[in-house]
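> For chain C, the structure is supplied; the task is to place chain R on it using the hints.
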Amino acid sequence: MTNAPSPASPELDDVLARHDHDPTRLLQILIDAQEIAGWLPAPTLTRIAAGLALPRARVEGVAGFYSFLYTRPVGRYRVLFSDNITDRMLGNAGLLDALCRKLWLEPGKTSEDGLVSVTTTSCTGLCDQGPAMLVNGRAIGQLTHRRINEIAELIRQQRPLDLWPAEYFRIDDNIRRTDALLGLDMAPGAALGAAIARGRDGWLDEMRASKLRGRGGAGFATAVKWESARNAAGSAKVVVCNADEGEPGTFKDRVLLNRYADLVFEGMSLAAWAIGASEGFLYLRGEYRYLRPQLEAVLARRRAAGLLGTAILGETGFDFDIRIHLGAGAYVCGEESALIESLEGKRGTPRIRPPFPVTKGYLGRPTAVNNVETHAKTCLIALHGGAAFAATGTAQSTGTKLLSISGDCAAPGIYEYPFGVPITRILEDCGASDTQAVQVGGAAGVCLASYEFQRHIAYEDVPTAGAFMIFDGTRDLFEVARAFVHFFAHESCGFCTPCRVGTSLLKGFMDKLADGHGAKADLNDIDWLDRLLKNASHCGLGSAAPNPVIDTLQKFRPAYERRLVSLDFKPAFDLDAALAEARQLTRRDDPGAHLKTHEESPE
Amino acid sequence: MSPVAPRKLRVATCSLAGCFGCHMSFLDIDEHLFELVNLIEFDRSPLTDIKDVGPCDIGLIEGGVCNAENVHVLREFRRNCKTLIALGACAVTGGLPAQRNHLSLSECLREVYQFRPGIENGQIPNDPELPLPLDQVHPIHEVVRVDYFIPGCPPSGPAIWKFLTDLIAGRTPRLTGDLLHYD
Numbered sequence: 008m009t010n011a012p013s014p015a016s017p018e019l020d021d022v023l024a025r026h027d028h029d030p031t032r033l034l035q036i037l038i039d040a041q042e043i044a045g046w047l048p049a050p051t052l053t054r055i056a057a058g059l060a061l062p063r064a065r066v067e068g069v070a071g072f073y074s075f076l077y078t079r080p081v082g083r084y085r086v087l088f089s090d091n092i093t094d095r096m097l098g099n100a101g102l103l104d105a106l107c108r109k110l111w112l113e114p115g116k117t118s119e120d121g122l123v124s125v126t127t128t129s130c131t132g133l134c135d136q137g138p139a140m141l142v143n144g145r146a147i148g149q150l151t152h153r154r155i156n157e158i159a160e161l162i163r164q165q166r167p168l169d170l171w172p173a174e175y176f177r178i179d180d181n182i183r184r185t186d187a188l189l190g191l192d193m194a195p196g197a198a199l200g201a202a203i204a205r206g207r208d209g210w211l212d213e214m215r216a217s218k219l220r221g222r223g224g225a226g227f228a229t230a231v232k233w234e235s236a237r238n239a240a241g242s243a244k245v246v247v248c249n250a251d252e253g254e255p256g257t258f259k260d261r262v263l264l265n266r267y268a269d270l271v272f273e274g275m276s277l278a279a280w281a282i283g284a285s286e287g288f289l290y291l292r293g294e295y296r297y298l299r300p301q302l303e304a305v306l307a308r309r310r311a312a313g314l315l316g317t318a319i320l321g322e323t324g325f326d327f328d329i330r331i332h333l334g335a336g337a338y339v340c341g342e343e344s345a346l347i348e349s350l351e352g353k354r355g356t357p358r359i360r361p362p363f364p365v366t367k368g369y370l371g372r373p374t375a376v377n378n379v380e381t382h383a384k385t386c387l388i389a390l391h392g393g394a395a396f397a398a399t400g401t402a403q404s405t406g407t408k409l410l411s412i413s414g415d416c417a418a419p420g421i422y423e424y425p426f427g428v429p430i431t432r433i434l435e436d437c438g439a440s441d442t443q444a445v446q447v448g449g450a451a452g453v454c455l456a457s458y459e460f461q462r463h464i465a466y467e468d469v470p471t472a473g474a475f476m477i478f479d480g481t482r483d484l485f486e487v488a489r490a491f492v493h494f495f496a497h498e499s500c501g502f503c504t505p506c507r508v509g510t511s512l513l514k515g516f517m518d519k520l521a522d523g524h525g526a527k528a529d530l531n532d533i534d535w536l537d538r539l540l541k542n543a544s545h546c547g548l549g550s551a552a553p554n555p556v557i558d559t560l561q562k563f564r565p566a567y568e569r570r571l572v573s574l575d576f577k578p579a580f581d582l583d584a585a586l587a588e589a590r591q592l593t594r595r596d597d598p599g600a601h602l603k604t605h606e607e608s609p610e
Numbered sequence: 002m003s004p005v006a007p008r009k010l011r012v013a014t015c016s017l018a019g020c021f022g023c024h025m026s027f028l029d030i031d032e033h034l035f036e037l038v039n040l041i042e043f044d045r046s047p048l049t050d051i052k053d054v055g056p057c058d059i060g061l062i063e064g065g066v067c068n069a070e071n072v073h074v075l076r077e078f079r080r081n082c083k084t085l086i087a088l089g090a091c092a093v094t095g096g097l098p099a100q101r102n103h104l105s106l107s108e109c110l111r112e113v114y115q116f117r118p119g120i121e122n123g124q125i126p127n128d129p130e131l132p133l134p135l136d137q138v139h140p141i142h143e144v145v146r147v148d149y150f151i152p153g154c155p156p157s158g159p160a161i162w163k164f165l166t167d168l169i170a171g172r173t174p175r176l177t178g179d180l181l182h183y184d
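Protein sequences, first through last, are from chains C and R. Just so we're aligned, residue 8 is where the first sequence starts under this note's numbering, counting upward by one. Just so we're aligned, residue 2 is where the second sequence starts under this note's numbering, counting upward by one.
Isolated chain R (complex conformation):
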């Protein structure tokens, strides 16, 4: 009797209001990537360029929620992913983009598009193709239910590796010591 090869887990990733730093850190797992492709396959991700997310086991979300499109993408991930993970400071707390939260949206947009030195007759872009910004930037758990949080700006490659291998092996993921940091 030959053992049944375990099914590969499907993983989707995306960056909302983030800087792709967490994705870069993900790639920092270096040679573990070879082990990883034996265990998982990617669905929607900047690595595959698939545009819509399908049914998945794990969704990794980088960045907070700053506009309407982020909300749509995040909801699509939540609908399709059994386990949804907030990856990095911005997804967990709103992070750097949330620094605009103590200003009003009109102050921000007017400053950038109308009052900046060198701008004449500037207008706030209103093309329907562009997603509208929310009045505040939110961490993702304020918009959908989130199963796990990985803090860090960015979380280190080893932390992401430990977290994913725990998850794949069926252990409740737990980061301790050096792997857990908030900066």
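Looking at chain C on its own, in the form it has when it is part of the complex:
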């Protein structure tokens, strides 16, 4: 650190001015400021701290938290390979190696001329068209060796991204099965008009009758959440749409935002009408940043049509508008209280609850946070009534559910089913054969073995936020679990010790087994760590982190046991090799200068 005054930067001053020098906009300011140099040099952070009257450490703390903010130089071309298990199954590691070789580059390093850096990132939500990558925030799917060769060439020629072939950036929606929601053709404003006609109370009654539950995974009753927010003290209420779709294997929100943005924004307005909110945020995950321009266009169109702004649809007193808030690569921000921290411009550390966001959320104001799909579903209820909505699905899980299907099947993509659909039916529809296991609900979800395929997708049986990853008989379920364990270790926010240390230790044990140093004792330690993570973590990330291991250890135990080299214990490192340096220094090679790596068994 130097105390020299930071050089003047009109561009940075412009960013600060654009965000009104508002400290709650810190994350957005950092994202925009990074556009200037491609990364965030120390003087930039110092200037931002001064400009917002924040402590320097606060700014550095936020900059250091998010994966897509860089406090060290990165390449002018930042290539991030999506590293979900589905990308791995499609061969992303070989493609990453090939690209690095073509560019004379080490993975994770920036080239000496500052041109390019190549590394991995968590699931980018393109599992149905992987392997995928992000180049300077823009998504490219369906990577092949041929495409990688072309990309290497484009980078070497320093061709601007806008001049790359447009087909690279084509993202398919891959909608394979439509039902009530995806088949809905609604004129913007129709649902809102119907809800306004019912009055705020009448509209909430319909919501209650629909028995709609949150589509983000937890399945909390939406009407109860809205009612609590409405009844909470305080007038400046907030509606937040959680589009931080970070759960590996989930991509339904991407499709809803790409093709059904009007339904999502209309749903947010319906929530605002119910609870009396005037301000709305769409929290868009950094990986979906490329959707922002078209989403802003939809918002502008809705404002022009009188569907956002003051006196919406002529209803005096109904004022509501929506702003888009970008995330920057942090899975934990999908947890609603971490998301709110992030909205306030802070590190995404989950809050202690209660108080719940419905009473004290964004800036202490009553805040209703709902999933993208939940918001979209409310349009159906406004149009056709709660009773009609509740007529489909099961008793405790009304309506339909969008599934993001990926992995070993003929037709990956988006499938909409009424709740209660059996796993076997889904596997049949998407053309899966020789299926060994299905991971439902993403890394944090549940791993089902073939004897469970008669079970149903519903909150009362197999709940899910939408991820549905299929593994056929050629896959190694140990490697699947290990990939998820690496994911959680990477995404732990670091706030609580059980999760920060526990996910890291669990990763160590899984790697030890993978490296061929595993022993029976390690399985006991893994069991113990699983329990510790589950019971002692501060939030759902830590308590869900051992799920893939718990499930696969129970259902695919031989995948672990076949890796064991000892029934008792074995070190993770080679003891004899650890003496090599000393042997060389002393020029000794006598028997005492060696250690058996395997201890002979006493019997």
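It should be emphasised that the hints constitute simulated quantities derived from the structure, not laboratory data. Positions of the beta carbon are idealized from the N, C-alpha and C atoms, including for glycine. Keep in mind that the hints are not guaranteed to be accurate.
Taking beta-carbon pairs under 8 Å as the criterion, some of the chain C residues facing chain R (in silico) [stated by the list, open to error]:
| no. | residue |
| --- | --- |
| 1 | A402 |
| 2 | A528 |
| 3 | F576 |
| 4 | P578 |
| 5 | A579 |
| 6 | L582 |
| 7 | L586 |
| 8 | E588 |
| 9 | A589 |
| 10 | L592 |
| 11 | T593 |
| 12 | D597 |
| 13 | A600 |
| 14 | L602 |
What follows is a list of derived Cβ distance ranges for each label pair [what the hints assert, rightly or not]:
| no. | chain 1 | residue 1 | chain 2 | residue 2 | range |
| --- | --- | --- | --- | --- | --- |
| 15 | C | Q461 | R | T177 | 32 to 38 Å |
| 16 | C | N531 | R | T177 | 20 to 26 Å |
| 17 | R | G171 | C | Q461 | 42 to 48 Å |
| 18 | C | E435 | R | T177 | 41 to 47 Å |
Same frame as chain C, now just chain R:
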């Protein structure tokens, strides 16, 4: 009918890459030592000078693993002890000796035996009688399976006493409050 006197538990102790501070702390249980000798008997230990460990109930290991001899001793303890305990910071984490882990072994040995001021024609000792150092110092659980850990530098006498009496009485040992500390 006279009750059968319970068998005395056999206990072995040793210090690997440690400073004997944990053993000194063990002796700090003071007058409890009289109770203890009624409950246990010592096998290999600095207190008995027995050189090889035989079948035991409890093994207490002070210090981490820094050389080949430590590995042999530790393995012998593991083979013979039903319950093996990492006693003190060095056994639990590698402790102070592990501070050399961020240097290479040759840097360490050359600095000490060849480049230190006042040394001329210094050589790194290579007598086969001397155990070779490992390239890194390891906590003992990275070399053998360990059943229990007692942190502290050193753990206090009362902590060691509580732990041993729990174990002898058949309770799963548990240190809480003041007895559990890491410094």
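> Would you mind marking each hint as holding or not holding in the structure?
Quick rundown of the hints versus the structure:
Hint on C/A402 is violated. Least Cβ distance to chain R is approximately 45 Å, over the 8 Å limit. For C/A528, the suggested interface contact is upheld, since its CB lies about 5 Å from the closest CB of chain R, less than 8 Å. With a cut of 8 Å, the hint placing C/F576 at the interface with chain R holds, because the nearest CB-to-CB distance is about 4 Å. At about 5 Å, the closest approach between the beta carbon of C/P578 and any beta carbon in chain R falls short of 8 Å, and the interface hint on this residue holds.
Among the interface hints, the one on C/A579 holds; its C-beta lies about 7 Å from the nearest C-beta in chain R, closer than the 8 Å criterion. Proximity of C/L582 to chain R holds as hinted, the smallest CB-CB distance being about 6 Å (cut-off 8 Å). Satisfaction of the interface hint for C/L586 is found here, the shortest Cβ-Cβ separation to chain R being roughly 5 Å, below the 8 Å cut-off. Of the supplied interface hints, the one on C/E588 holds, with its beta-carbon coming within about 5 Å of a beta-carbon of chain R, less than 8 Å.
The restraint placing C/A589 at the interface with chain R holds, with a minimum CB-CB distance near 4 Å, inside the 8 Å limit. Among the interface hints, the one on C/L592 holds; its C-beta lies about 5 Å from the nearest C-beta in chain R, closer than the 8 Å criterion. Because the beta carbon of C/T593 sits about 4 Å from the nearest beta carbon in chain R, less than 8 Å, this interface hint is met. Annotation: interface hint on C/D597 holds; nearest CB of chain R at approximately 5 Å, less than 8 Å.
Below 8 Å, beta-carbon pairs count as interface contacts, and C/A600 has one with chain R at about 5 Å; its hint therefore holds. Of the supplied interface hints, the one on C/L602 holds, with its beta-carbon coming within about 6 Å of a beta-carbon of chain R, less than 8 Å. A hinted range of 32 to 38 Å is violated for the C-beta pair C/Q461 and R/T177, which are about 48 Å apart. At roughly 23 Å, the beta carbons of C/N531 and R/T177 sit within the given window of 20 to 26 Å.
Taking 42 to 48 Å as the suggested C-beta distance range, the pair R/G171 and C/Q461 conforms, at roughly 47 Å. C/E435 and R/T177 have their C-beta atoms about 56 Å apart, which leaves the hinted 41 to 47 Å range violated.
Violated hints for the displayed structure, listed by number in ascending order: 1, 15 and 18.
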